[in-house]
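Each protein sequence line maps, in turn, to chains S and Y.
Going by my numbering, the residue at position 369 of the first sequence is 369; the numbering climbs one at a time, nothing skipped.
To convert, take the position in the second sequence, counting from 1, and add 1000; that gives my numbering.
Check before you lean on any hint, since a few could be wrong.
Covered by chain Y, according to a simulated footprint, are these stretches of chain S (three or more residues, beta-carbon under 8 Å) [stated by the list, open to error]:
| id | region |
| --- | --- |
| 1 | 125-135 |
| 2 | 376-382 |
| 3 | 537-548 |
Everything labelled a hint here was simulated from the structure, so no lab data went into it.
The structure displayed is predicted, hence computed values, not measured ones.
Cβ coordinates follow ideal geometry from the N, Cα and C atoms, glycine included.
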Amino acid sequence: MIPFAKIVEPRRLLGCAALLSTALIALAAIVLHGTPGVAILPLIAPQQLRLDFASTTLALPFLGLIALVVPAVAVWGLRRGAPDDGLRLALFVLAMTGVLLAQSVAAFFLAWETMSLVSAFLVGTHHERRAVRRALLSYILVSQLGALCIVAGLALLAAHAGSFRFIDIAHAAAGLPLDLRSIIIALLLLGFGSKAGLVPLHFWLPLAHPVAPANASALLSGVMLNIAVYGLLLAAFGLAAPFPLAWGVWVMLVGMLTSITGALYAAIDSDFKQLLAYSSIENLGIIATVLGVAIVTAALHDRTLTELALVALLVHTVSHGVFKSLLFLAAGNVAESAHTTDIEHLGGLRRVMPLTAPLLLVGCAAAAALPPLSGFASEWLVFTTFFRTLPIAPPALAALLVVAIGNLAATSGLAALAFVKLFGIAFLGEPRTVREIALERPDVSLLGLGWLAFFCIAFGLAPSVLFRRMIDVGAALSGSTAFDPGALPTLPVLLAALPALGAVGAIVMARRRGVRTVPTWTCGSLVTPRSQYTATAFSKPLRRIFAFVLFPEHQQIRDTGASHWFPLRIRYTFSTRYVFDEVARNVAAVTQRLARRSRIVQAGLLRVYLVYAVVAVLIMLVVAR
Amino acid sequence: MNGIFQFACLVAAAPLLQGLLRSLRAKLQGRPGPSPLQPYRDLGKLWSKEALVPSATSVLVIAAPGLALGVALTFAALVPPITVGGSTTAVNAVAMALLLGLSRFVLVLAALDARSGFTAMAASREMTFASLTEAPLILALLSGAVSPSPEAVSAADTPVAGVLAAGALLLVMLSETARIPVDNQETHYELTMIHEGLILEYGGWQLALLQLGAYVRQAAFFVLAARMLPGTSWLTLVYIVAFALMIPLAERIYAKMRLFEVPQLFASATVLALASIGLRIAGLGTW
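Input sequences plus hints: build the corresponding full structure.
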């Protein structure tokens, strides 16, 4: 036995305990589902500022996700990461639980803002680096603008309902006039969509998520993005329900664009954590597409299909949350051992990290939607949802659904490329430039990864475990109880049986017949670590094929020295342009320029301000006449 | 029972199909060519030989051939028997495409583990092309499953859509089975091979497993494409023979495409698949 207390610092134990207790709170909220909940009425403005908390059906999958992911993060923190992370993370989880439990506008906004601020602190952990400060700034800007949109939307809803409690708002939602409904929907979609990293409001995500410590990234990508999904669901199937059909189509379109964009950028990325962040964008895009289908089918009054879509959405949300947390924690292990997450410098990590490697492989395979892992089960369900919606859809919508199927197929293909590259380049072969990495010791933090990997496999092999819990939620939101998952409950086992048998058989055969170890064939030249393929090279064909959106550029600098034919050094740089980021940057630049221009009105002279006041009063009088 | 029998036939005849394609191509090129039974002999020879594994590689390299064969067999088992009406079901369509991804994933990892530039280059191209063929593959397979009833129908209702879907599947198959114009099975030049390059490090009985898997997958694609076309079970066999004549002819006529022109081929496959599924949904495409 490892002498536990001697190795683990007390601060880490405290942080772990705090995190575990937040997971317990989430569990308790699940158990307390159906109870009346609590209301806190403040002394001033008791109705507007009332804080209601209750455990609703919609929150259950998300609370469940917290209860699943947080223990892994807690255990991971016992040996890895900064010792003081635990308490901050616990506060973060608490805020997220608060968002899920909030049942009034003030409670929701309070929890949402706490969540945003604490997560901003997590993103800014290494604020001594310039890149981190830049990421932090764009994160805070987007999340505060998003929060403004959300609070405006909720305020309009509350004004219409005459109450600040969600339950009243939801009851009054059916009577919303169409134009007001559209404004509210637009505001809420902007607010929650920006938090979920939907294109074109995603540009902060690949900056912010990778710079946070690994355990914070795991919670940001694995849980917080899904809180945004909760917000979208809350809006679409609660507070502002029902959404008109056209909005469902818009959500689908945005989701499709998001998923393919995220997958493409993930496929060409060569930074471990940034690749994961783009993969999060991809998966949130898939989730948004299914949400669009759920909205559309609800608008078409097909409750069975709405339920199917919601179940697919929730299953994919949980599956993504689990494997993405696993991948980010594994990225933390890599960062701690190799002191870099740039996979161009890595290679052969499986030898020094023999325990992280198989766990990471499970996560990668799940992210690539390979049978029999959880990612396969959830993506299969998403495909089925699209397919089964086809017969009831009007022609234009059916065409869109077909494109969505193709888009999802291409997305999963690109995701497979991204993750095969991630594992293959970083963990297989030989070390590239970072050579001296200490052998990984089996420690308690790996239990956290193992826990998540276990669920990747369990949800893949026995997806009905996950369904059974989601069906109630889907039924409650859609009003249907006819969910039929089709062939999925047994499908992954059937698919995996022969390949698994084959793999084991090949290993046994190799043992019995023996294999001869020989040098790798390279036409007689030497195999050196630098002669291995790089991640950039691996994705080069893709960059060329998608040059019309990626705009790849490369530059070769040859340090020729004495002879042209024997260069001393060749430096190769390449870049791609991120179109959406450039748009965002241009918008920011224009805003800044306008702000600078408008400074002219701030003359600093009292007389001028008095004139402003008089003009303002005059305008008010005219308007209010 | 019938299904198992047909599955066994498909697996047993898969090398024969490869042999026929190969000898037919040789005839078209004016060479005597090998006997159609040559693949069986090759498999037997490879099976008796020892396997060579690149040094300092992981267990993935050893497990990959068996896994790939397992995937190919499962893929073939998911192809509906030709005596049953219906081409594919929605259940199988997606599962089949993602299943192929599993063997590709592991083979690419094995290729990267070998540390060779050749295998890694092929791996990169294989993954790139696979990500582009995923959409036409799933769409074409799903097209076979679109019908008013939840279960699969016979393709006879919408023959035009069936032809388009079969076309898309055949184009995808060219990539999956390393055929001209995507790849060339006859070449053994490390810098141009895609599928062969991926498994360059394998030899002996491990290569036999991989080859058998590739043959089975190819035969399954033939049956799938044939099932998309209208007709009864015997007609399906006729279609398979027709494909077996068509493909060597196409390989005789066309040259290998430049690598970065191949995506256009996949784009046309996607268009075919989209058109096919679109016709099916609209209920059009009857003669």
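Using C-beta distances, would you say chain Y covers the region 537-548 of chain S, given that this needs three or more residues below 8 Å? Contact hint for the region 537-548 of chain S vs chain Y: holds, 8 residues under 8 Å.
Given as covered by chain Y, does the region 376-382 of chain S meet the bar of three residues or more with CB within less than 8 Å? holds (count 3)
Quick check: the region 125-135 of chain S, covered by chain Y? Criterion 3+ residues, Cβ under 8 Å. violated (count 0)
Checked against the numbered hints given earlier, this structure breaks only hint 1.
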